[in-house]
Amino acid sequence: MPASPPVTTQPTTIAKPSSGQGPLVEVRDLVKHFPVRGGVFSRVREWVKAVDGVSFTLDRARTLGLVGESGCGKTTVGRVMLALVPRTSGEVIFDGQDIFHLPRPELRELRRRMQIIFQDPYGSLNPRMTVGAIVGEPLWIHRVARGQELETRVAELLRRVGLRPDAMGRYPHEFSGGQRQRIGIARALALEPDFIVCDEPTSALDVSIRAQVVNLLRRLQAEFGLSYLMISHDLGVVRHISHEVAVMYLGKIVEQAPTEKLYRAPRHPYTRVLLSAIPIPDPKRRRPALVARDDDVPSPINVPRGCSFHPRCPLYELKGNPAQCREQTPPLIPVGGDTEHRVACHFAEESEAMLAKSAIQ
Amino acid sequence: MPDAPLLEIRDLKTYFRTEQGLARAVDGVSISVSRGKTVAVVGESGCGKTVTALSVLKLVPTPPGEFAGGQILFEGRNLLPLSQREMQSIRGGEIAMIFQEPATSLNPVFTIGAQIAEAIRLHRKLPEREIRGEMLRVLTEVRMSEPERRLDQYPHELSGGMKQRAMIAMALVCEPKLLIADEPTTALDVTIQARILELLRKSQSQHGMALLLITHDLGVVAEMADEVVVMYAGRVIERAPVDELFSRPAHPYTRGLFESLPRIDRHDDELRAIEGNVPSPTNFPSGCRFRDRCPLAFEKCTDEPSLNEVAPGHHAACWVAESLLTTPTRDRVQQ
Numbered sequence: 001m002p003a004s005p006p007v008t009t010q011p012t013t014i015a016k017p018s019s020g021q022g023p024l025v026e027v028r029d030l031v032k033h034f035p036v037r038g039g040v041f042s043r044v045r046e047w048v049k050a051v052d053g054v055s056f057t058l059d060r061a062r063t064l065g066l067v068g069e070s071g072c073g074k075t076t077v078g079r080v081m082l083a084l085v086p087r088t089s090g091e092v093i094f095d096g097q098d099i100f101h102l103p104r105p106e107l108r109e110l111r112r113r114m115q116i117i118f119q120d121p122y123g124s125l126n127p128r129m130t131v132g133a134i135v136g137e138p139l140w141i142h143r144v145a146r147g148q149e150l151e152t153r154v155a156e157l158l159r160r161v162g163l164r165p166d167a168m169g170r171y172p173h174e175f176s177g178g179q180r181q182r183i184g185i186a187r188a189l190a191l192e193p194d195f196i197v198c199d200e201p202t203s204a205l206d207v208s209i210r211a212q213v214v215n216l217l218r219r220l221q222a223e224f225g226l227s228y229l230m231i232s233h234d235l236g237v238v239r240h241i242s243h244e245v246a247v248m249y250l251g252k253i254v255e256q257a258p259t260e261k262l263y264r265a266p267r268h269p270y271t272r273v274l275l276s277a278i279p280i281p282d283p284k285r286r287r288p289a290l291v292a293r294d295d296d297v298p299s300p301i302n303v304p305r306g307c308s309f310h311p312r313c314p315l316y317e318l319k320g321n322p323a324q325c326r327e328q329t330p331p332l333i334p335v336g337g338d339t340e341h342r343v344a345c346h347f348a349e350e351s352e353a354m355l356a357k358s359a360i361q
Numbered sequence: 001m002p003d004a005p006l007l008e009i010r011d012l013k014t015y016f017r018t019e020q021g022l023a024r025a026v027d028g029v030s031i032s033v034s035r036g037k038t039v040a041v042v043g044e045s046g047c048g049k050t051v052t053a054l055s056v057l058k059l060v061p062t063p064p065g066e067f068a069g070g071q072i073l074f075e076g077r078n079l080l081p082l083s084q085r086e087m088q089s090i091r092g093g094e095i096a097m098i099f100q101e102p103a104t105s106l107n108p109v110f111t112i113g114a115q116i117a118e119a120i121r122l123h124r125k126l127p128e129r130e131i132r133g134e135m136l137r138v139l140t141e142v143r144m145s146e147p148e149r150r151l152d153q154y155p156h157e158l159s160g161g162m163k164q165r166a167m168i169a170m171a172l173v174c175e176p177k178l179l180i181a182d183e184p185t186t187a188l189d190v191t192i193q194a195r196i197l198e199l200l201r202k203s204q205s206q207h208g209m210a211l212l213l214i215t216h217d218l219g220v221v222a223e224m225a226d227e228v229v230v231m232y233a234g235r236v237i238e239r240a241p242v243d244e245l246f247s248r249p250a251h252p253y254t255r256g257l258f259e260s261l262p263r264i265d266r267h268d269d270e271l272r273a274i275e276g277n278v279p280s281p282t283n284f285p286s287g288c289r290f291r292d293r294c295p296l297a298f299e300k301c302t303d304e305p306s307l308n309e310v311a312p313g314h315h316a317a318c319w320v321a322e323s324l325l326t327t328p329t330r331d332r333v334q335q
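Heads up: the protein sequence lines correspond to chains Z and P, in order.
With the numbering used here, the residue at position 191 of the first sequence is 191, and numbering never jumps.
With the numbering used here, the residue at position 70 of the second sequence is 70, and numbering never jumps.
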């Protein structure tokens, strides 16, 4: 693994060491099941199938949005990809290297290139450390810089995220939620990563601050060629920052397409339900939501057989409860001959005509 | 008096004594809600909307809070001087409230049935034997799945959407004239949110109930509101009927909110953010409280503008509001 090039104090687009062509990150059939233990001997009674066979690729300087509601597994995907949580099975290939089979010293090196920004700007910063210590900690741990050079780098990072360098001596509680999120971003940038998992980075922020953070993330991507996995339930934010979007439901990807295609012509009934449920800020466009049949999402412990969405699926109902949906799990395959647009639904080709009312134009 | 508003908050001031000084959380707020109508109060953290809602039912702990001024008139009667005991007959009975986190407002050690029954016993004169039937009726009305089973379940056994339905059931069972809903769907998944909002609308029309809806989500406002009140830094800075507010926002803050929204029905290149941060309630700037962040601020803004009528039924607190009425916001221009 080549050493990082020497850093200057001026922000430059630093050439990343790379093994050549191909996607930066490749996730193959990732599975994460959590055991549920019970009984006197803590025997495993059931499994939470949090992530149940997820595959995708991510290129350099691109953003993949990963959306879905609670329990879909999107946060777990992010954690497992960074080896923060051990996987059950599957592979993650980062720049040609299989991260789950790397010896520890190599994995540690690789970790510098893969970072994470958390949802909770209050919980993810150690309240007993100064901002300078928080942002500088990665540089310290990886022995990248010390002393005066460390301080210079931290100041530069803070400036880059729109904070004043004098924030270094202050503590997280002195800052607002949006500012704390910027501190988290500065920390994630410290080691000049190629790839950042953004786990709901704007959900805890006020509406007007979200725009600031989204703009910042986009700017940083353009400046540094960063790749993002944008995990969010906020479909508005996702639309603005993602090149491609994958929709998850109960541990699986049910639809994946370039952003505009997904929003303009969603094919999976769940995607349609999701998009139509979002209230649009325009009173002239009040329209009835295309509703899922049951109110509550089944738990990932008890995933329905066949297609996991069938008990709530409006298309299943419209088609008279076909057995296929109850018995066979639909594969994620291209629809309408479009290899960029993949859907996991037995009736994907017909869904558009049958559910036409709900598309967001 | 059919035309008098059901609820009239007049120049309300609710302050808190804190270590950092006096926090003027609600600093001269006036809001009216008519029978059967929905008024949405929208604003971001620290604007005072939640404290305003809590003040109506005097749920603000005093100390450290204090009602420093103004009146809260419900059917013409000022609630502020009432004792807690007198408020108890109003809470739940005439004015009900539902909160953002159903997990924290449902008592974890009592079953759902016990909690709904408690509400009925406090506010309605139903014979004991009819209570169970009434509970099932209201749970069915809120479309709770398996209502009989829920009566004997504890809150932790219910999902977020179900807990919210239970809370709405508790609120509706006493046929209140006014329901105050503080961010009722913020903690819920979006598909569940759509159904809860639908439920609120339906209940409203069925019961002729007024709704005071506190939210930060402009999409929810567009779906639900008849009238919108925009708050910033403890004050009302704009007020208008919903169609008017969305098509002709007049205050720079409201306009900034619209322009910074990432919309799912459109793609924009860069989001227009409102720079800076909300001021702290212990330290509001002098003059117009938005001027530090306002792209249109000029010398006159050191004088605080009052809430003036800029169009019929449309009020805004800004010196240039009238001219902004006819200027389309950036997101409109793109369309």
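You may find that some hints are simply not true.
[As the list claims (entries may be wrong)] Listed next, the in silico DSBU-like pairs over lysine-lysine satisfying Cα-Cα at most 30 Å (straight line):
1. P:K202 x Z:K319
2. P:K202 x Z:K284
3. Z:K284 x P:K13
4. Z:K284 x Z:K261
5. P:K177 x Z:K284
Derived from the structure by calculation, the hints contain no laboratory data.
Because the structure is a prediction, the values reported are computed rather than measured.
Verification of the supplied hints:
1. P:K202 x Z:K319: OK: K202 (chain P) and K319 (chain Z) at ~29 Å, within 30 Å.
2. P:K202 x Z:K284: Cα-Cα ~19 Å, so holds.
3. Z:K284 x P:K13: violated (35 Å)
4. Z:K284 x Z:K261: Roughly 24 Å separates the two Cα atoms, so the pair holds.
5. P:K177 x Z:K284: With Cα atoms ~28 Å apart, K177 (chain P) and K284 (chain Z) stay inside 30 Å; holds.
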